[in-house]
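> Line by line, the protein sequences are chains A and B.
Going by UniProt numbering, the first residue of the first sequence is number 1, and it counts up by one from there.
Going by UniProt numbering, the first residue of the second sequence is number 1, and it counts up by one from there.
Treat the hints as calculated values from the structure; they're not laboratory data.
Possibly wrong hints are sitting among the right ones.
Stated by the list, open to error - In the DSS-like style, the derived pairs of lysine-lysine whose C-alpha atoms are separated by at most 27 Å in a straight line are:
| id | chain 1 | residue 1 | chain 2 | residue 2 |
| --- | --- | --- | --- | --- |
| 1 | B | K89 | B | K11 |
| 2 | B | K95 | B | K11 |
| 3 | B | K89 | B | K162 |
| 4 | A | K19 | B | K89 |
| 5 | B | K89 | A | K630 |
| 6 | A | K19 | B | K2 |
| 7 | B | K11 | A | K19 |
| 8 | B | K95 | A | K630 |
| 9 | B | K2 | A | K630 |
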Amino acid sequence: MTWFGKTPSPADLAAGDEKAEALLRRTWSTPAGVLAALSTVDHKIIGRRYIATAFVFLMLGGVLALAMRLQLAFPEARFISADRYNQIFTVHGSNMMFLFAVPVMEAMAVYLVPLMVGTRNIAFPRLNAFSYWIFLAGGLLLWTSLALDTAPDVGWFAYVPLAGPQYGPGKRADIWAQMITFTEVSALAVAVEIVVTVFKLRAPGMSLDRIPIFVWSMLVTAFLVIMAMPAIMLASSSLILDRLVGTQFFNPSEGGDALLWQHLFWFFGHPEVYIIFLPAVGMVSAMISTFTQRPTFGYLPLVLAMIATGVLAFGLWVHHMFVAGLPRVGSSFFTASSMAIAIPAGTQIFCWLATLWDGRPIFKTPMLFIIGFLITFVIGGLTGVMVASVPFDTQVHDTYFVVAHFHYVLIGGSVFPLIGAIYYWFPKMTGRMMSERLGRWAFGLIFTGFHLTFFPMHMLGLQGMPRRVYTYPPELPWAGLNLFVSLSAVILAAGFLVFFIDVLRSVRHGPPAGPNPWNASTLEWAMPSPPPPYNFRHIPVVESLEPLWTSGEALPVATGLRLDRRELVVSSVTAGEPEARESSPADSIWPFLAAIATSIMLIASIFSPWAVVWGAIPVAITLTGWFWPKQTPEDES
Amino acid sequence: MKERIALDLSKLPPHGMGSASLTFWGTSAFMLIEGTGFALAIAVYFYLMSLAPQWPIKAPPPDLLAGTILTLLLLLSVVPNMLVSRWAKQRDLRKVRAGLVVMAILGLLALIPRAFEFPALHISWDDNAYGSIVWTLLGLHTTHIVTDIVDTVVLACLMFSKHGDNARRYGDVEDNALYWNFVVLTWLPLYGCIYWVPRL
Ligand code: HEM
Ligand SMILES: [Cu+2]
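Please put together the full structure from these sequences, using the hints given.
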């Protein structure tokens with residue numbers, strides 16, 4: 001029996017399932033070898049790579065955090081010079097936001113969303129490969145600059161005029177701005193892939209009300225990326241132009257304006273917080289449902305709350321600028337909408353508590369991190385409501401109170417759920433379980449270390465300690481708390497270390513996981529762990545929100561896709577009805593080459609505007625290579 | 001997990017057209033990104049204008065001729081563009097080939113008045129914030145014209161090659177036409193900003 005060149009009938013499949021599977025595997029797999037690894041377009045390989053890289057950046061950023069805490073442990077310490085300190089906090093912040101938090105969330109989606117919606121690859125897999133390489137290049141640019149002692153020193157928001165041509169000589173701010181370009185290009189590319197994957201590649205029958213909540217959260221996040229990132233692209237490009245070719249966007253003496261920078265930056269920067277937080281909402285919902293073994297309470301309110309959060313996120317940027325002297329009415333409006341965002345947040349928390357209340361929570365490691373998340377995030381939310389009020393913000397602005405607040409929100413709101421999510425999905429990604437015992441240690445150390453590190457920072461802030469200072473005089477009453485905070489940061493770091501050790505150990509030596517170790521309900525658990533290259537032997541047919549819990553003995557599936565070429569099902573946006581089969585691109589080295597060409601162009605343009613002109617030529621060539629079809633299957637038809 | 005066969009997909013067409021095609025959605029998403037970028041750039045224009053004591057800053061309003069010729073040319077190009085799109089839907093290879101050549105030429109022609117628009121601004125990008133923003137608006141839009149020309153030329157080559165005559169390529173032609181309409185449409189508010197707002 002041959003499968004080539006014809007569509008097998010259901011009967012064929014039943015007869016020769018093993019043969020069919022071997023053929024599917026051959027069609028979809030990535031061969032061994034370096035060239036193949038650079039050419040792969042498998043979303044699982046790229047997703048794992050992306051996640052691992054982002055965690056390496058987390059670790060590096062953590063090392064910088066420890067360095068800062070070492071310097072601040074004692075008054076008038078001399079470990080780090082003022083100039084070095086400026087570079088370190090800038091790289092720490094930029095790295096955490098642009099190279100860790102946003103990419104890691106998108107990377108989780110790259111791995112999980114295609115599995116959860118029941119398809120065999122992400123939409124635009126070559127773009128996906130490209131986005132990873134561009135992200136990596138942006139990260140290397142930033143970290144190389146730190147190694148060479150020319151790292152940006154203007155804070156992660158690079159306020160002008162400090163970052164402008166007059167006060168920021170050298171290439172430091174340009175490196176910051178170009179790093180932004182890299183990470184934005186990759187973030188936007190992934191956002192487009194996610195949107196199209198969720199819109200068009202859902203399994204037959206997955207109507208809007210059967211989309212898993214995590215997938216919804218990534219869809220809303222992707223739209224936030226699409227609407228918010230152009231603002232920072234515009235801002236960083238204008239900054240580069242001001243510095244490189246003498247435009248006057250931010251120069252007040254020639255009609256420019258420094259506040260323009262802040263508007264553009266925070267029009268992106270506030271939604272950014274939700275770009276990091278919403279995926280965490282999705283992760284928490286998925287895990288709570290699994291560990292209570294019941295559907296999440298309030299599917300519709302949760303989805304609506306996420307959409308509302310996404311919309312409100314754009315009304316809020318001005319609350320970062322209360323002290324910048326805006327008109328009074330404007331300020332009250334933005335105070336009100338800053339408070340309004342508490343409503344969807346409250347809805348989410350209520351739905352989770354109701355699920356927990358009604359089910360019988362099983363306290364495995366991921367659940368511990370969720371408890372940690374709930375506690376920490378509520379505290380961060382409360383101080384958030386505090387700084388949303390203009391008089392209070394005026395007091396604590398640019399003190400350690402704010403540093404404490406945003407670490408509560410960022411780490412509490414997204415790193416805790418993320419670590420939980422790694423424990424939860426690790427078996428699917430690697431085929432092995434992580435250690436429950438080390439997991440509890442990691443949680444205990446991270447949770448305690450976190451609160452001991454960051455809670456006292458609120459007090460330091462109220463006592464007036466400004467942020468972004470490299471040292472302080474011994475006369476001020478800050479020394480004791482600072483030493484305490486620095487020692488606690490070591491506990492926190494130890495917790496992360498335990499987590500990393502657990503990951504590295506379990507990849508090789510963890511106990512085998514089996515397809516669905518937690519008895520979860522969504523489609524990513526329907527295949528062996530780790531998934532085969534083709535994800536699903538047969539595309540599932542979805543009949544409910546919890547397909548694995550409601551399908552009984554056997555999962556309903558669809559047949560009829562070809563085995564000898566990469567075919568996906570395209571379905572309608574709302575009902576998820578199958579519309580067409582579509583072939584998915586083969587592996588290709590061109591996205592890698594295009595990323596190299598693009599990186600060279602972007603980095604060279606830090607030094608000369610002509611790099612954009614000449615650099616565009618190799619970019620165009622590689623892109624043409626990327627899009628030019630080889631003997632594609634459609635040519636036969 | 002055990003499986004039970006519930007659906008047979010083999011009768012589905014091997015490539016979706018229109019809203020069943022992935023590239024249609026990808027192109028739309030990119031237009032949303034770029035549209036947001038243009039909207040923000042226009043917002044910056046008005047923001048700077050609201051700060052300036054007089055507008056344009058230390059310059060006369062731009063000369064209308066080149067920009068207006070370009071606008072007319074772009075509007076005119078929509079007609080053949082729509083035709084190419086229709087021919088692609090009908091999978092008429094000969095007409096699609098001809099149409100793409102025409103569109104590539106029209107794109108290149110548009111660059112001629114565009115080249116005269118920059119001097120017509122009577123200001124350099126580094127003179128002041130007004131100069132910076134109008135050069136940026138023109139530059140952004142020029143980038144879009146150039147990328148679309150490159151796109152059209154590559155696509156035309158493809159259509160003349162043996163890869164041309166298949167459903168997916170016709171879909172690409174439709175998406176390329178969609179994108180050109182976007183380039184024309186975004187120009188209209190930019191034209192208003194650059195040439196007419198200073199005359200209000
Ligand atoms: C792992 C433990 C962490 C510690 C001990 C830590 C410590 C610090 C400290 C001490 C500062 C203030 C520097 C100064 O103002 O002088 C800081 C700034 C910052 N941190 Fe962290 N951090 C940690 C993790 C994170 C994470 C996970 C994120 C984001 C997801 C993050 C984002 C930021 C940002 C955005 C800044 C502002 C940088 C700037 O002002 O330019 N941090 N961090
Ligand atoms: Cu905010």
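> If a hint holds in the structure, say so; if it does not, say that too.
To see whether the hints hold, each was checked on the structure:
1. Straight-line distance between C-alpha atoms of B/K89 and B/K11 comes to about 21 Å, which keeps the hinted pair within the 27 Å bound.
2. As the CA atoms of B/K95 and B/K11 are separated by approximately 30 Å, the hinted pair breaks the 27 Å bound.
3. This hinted pair checks out: B/K89 and B/K162 have alpha carbons roughly 19 Å apart, not beyond 27 Å.
4. Of the supplied pair hints, the one linking A/K19 and B/K89 is violated, its CA atoms being roughly 39 Å apart against a limit of 27 Å.
5. The suggested pairing of B/K89 with A/K630 holds, with an alpha-carbon distance near 23 Å, which does not exceed 27 Å.
6. Proximity of A/K19 to B/K2 is assessed by CA-CA distance (about 17 Å); at most 27 Å being required, the pair is judged to hold.
7. As the CA atoms of B/K11 and A/K19 are separated by approximately 23 Å, the hinted pair is consistent with the 27 Å bound.
8. Between B/K95 and A/K630 the CA atoms are separated by roughly 24 Å; this keeps the pair inside 27 Å, and the hint holds.
9. Pair hint B/K2 plus A/K630 does not hold up; C-alpha atoms about 38 Å apart against a cutoff of 27 Å.
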